[in-house]
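Q: If you count by the working numbering, then the sequence shown holds residues 9 to 307, one letter each, in order.
Calculated directly from the structure, the hints in this document are not laboratory data. A couple of the hints might just be wrong.
DSSO-like, lysine-lysine: derived pairs with alpha carbons at most 30 angstroms apart [stated by the list, open to error]: (1) K89 - K65; (2) K129 - K199; (3) K193 - K129; (4) K129 - K89; (5) K11 - K33.
Label pairs and their computed distance ranges (CB to CB) [what the hints assert, rightly or not]: (6) S43 - T81: 19 to 25 angstroms; (7) M9 - E206: 32 to 38 angstroms; (8) Y170 - V22: 34 to 40 angstroms; (9) D44 - S166: 42 to 48 angstroms; (10) E48 - K188: 44 to 50 angstroms; (11) S79 - D117: 48 to 54 angstroms; (12) T28 - D117: 49 to 55 angstroms; (13) V25 - G167: 44 to 50 angstroms; (14) G45 - S166: 44 to 50 angstroms; (15) W23 - D117: 35 to 41 angstroms; (16) M9 - K129: 17 to 23 angstroms; (17) P102 - D175: 30 to 36 angstroms; (18) N34 - D117: 47 to 53 angstroms; (19) K89 - N34: 42 to 48 angstroms.
Backbone N, C-alpha and C define an ideal beta-carbon position, used for all residues, glycine too.
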Amino acid sequence: MLKLQFRDRRREAVWLVDRTFTIGKNSRNSLMIDSDGICEFHAELINKSETLTLINKAGGTGVWVNGLPISETSPVRAGDKITLGELELELIDPKHNIATQKPIIKKADWSLFSKASWLEKSSFPITEKLIIGRDASCDIALPLEHLSRQHCAIEIRSGLLYVSDLDSSNGTFLNGERIKESPVKAGDKIKLDVITFEVRGPTHDPHKTIIRTAPNKQRTKVREEHSTQNQKSKPEVKSKKAITTPKSLVASGKQTWISDNKQQYSSPKKGSSKRIFFLAGLTLALVSAGVLLMKLFGF
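Produce the complete structure using the sequences and hints provided.
A: This is the structure:
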């Protein structure tokens, strides 16, 4: 089954499911087109035994097939271009297009991505050069009224991507600014009318030299050895409880206050000194009293 497609993509393609498919301005047609040069009942497509025939209902030279005018009827098939007045249509076979589509062997470094739901696909690889516009001959043909027939070009030059405006009426915008020609990089936004494409590709400049600083292995080794030696040289710290010893009053047969350890005991205590003098005085008094008694009693 074939489809009738507008070459400028102003409207969606139409399946030719009816045996008789009529085209014209009148609302009773299978496809109503209100355009300059289109008659009320302009043409008919007759589908019989899988053979499609185009009939000129407008008379004169109002119907063309592949650039040639037809006066009455002409057989048509997939790939033929049909001109009605100023309107250009073409017959397409969706199954044939899918079967003959070339597989992508190598993924392109650069591509355009769009989130528009009405596009048939969201990603468009860029191998060399892409032309975007309203015309069906463009690499990316978009059915947008404010888009020029050939609006802009996306081209790879020496590994870098450039966008060029092709003298469009409404302009090409890169990251919100209207441009004539400009290099683009990954992540940039290219806006054409109501559609925006995001550029995807290499994130670095292929012409920029990247300098890497290699680590100094000798310096790293010395630092590690120094750290190891510091850990080994650290003395083992014992707890205060383990090194604390009880104080003694006697050291080497001497009282602690007359010990040679001047750091711990620098002078005798005042209370001990008074007690010693008291005992010495009492002893002296007792001895004196004993001597006096011996003299009195004649001992």
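Q: Checking one constraint from the list: CA of K193 to CA of K129, max 30 angstroms. Satisfied?
A: It holds: about 22 angstroms lies between the C-alpha atoms, which stays within 30 angstroms.
Q: Taking 49 to 55 angstroms as the hint, is the beta-carbon distance of T28 and D117 inside that range?
A: For T28 and D117 the Cβ distance comes to about 50 angstroms; the hint holds.
Q: May I ask you to test the hint 17 to 23 angstroms on the CB atoms belonging to M9 and K129?
A: This hint holds: roughly 22 angstroms between Cβ atoms.
Q: Would the pair K129 and K199 pass a check requiring their Cα atoms to be no farther apart than 30 angstroms?
A: Satisfied, since the Cα-Cα distance of roughly 17 angstroms is no more than 30 angstroms.
Q: So the hint says 47 to 53 angstroms: do the beta-carbon atoms of N34 and D117 match that?
A: holds (52 angstroms)
Q: Straight-line Cα separation of K89 and K65 no greater than 30 angstroms?
A: holds (18 angstroms)
Q: So does G45 sit 44 to 50 angstroms from S166, Cβ to Cβ?
A: holds (47 angstroms)
Q: May I ask you to test the hint 42 to 48 angstroms on the CB atoms belonging to D44 and S166?
A: holds (46 angstroms)
Q: Has the given pair, K11 with K33, been kept, meaning a C-alpha gap of at most 30 angstroms?
A: holds (20 angstroms)
Q: Tell me if the beta carbons of Y170 and V22 are separated by a distance inside 34 to 40 angstroms.
A: Roughly 38 angstroms apart at Cβ, these two residues keep to the hinted range, so it holds.
Q: With a cut-off of 30 angstroms on the C-alpha distance, tell me whether K129 and K89 pass.
A: Given pair K129, K89 holds - Cα atoms ~24 angstroms apart, limit 30 angstroms.
Q: Honestly, do P102 and D175 meet the 30 to 36 angstroms range at C-beta?
A: Given about 34 angstroms between the Cβ atoms, the range holds.
Checked against the numbered hints given earlier, this structure breaks only hint 19.
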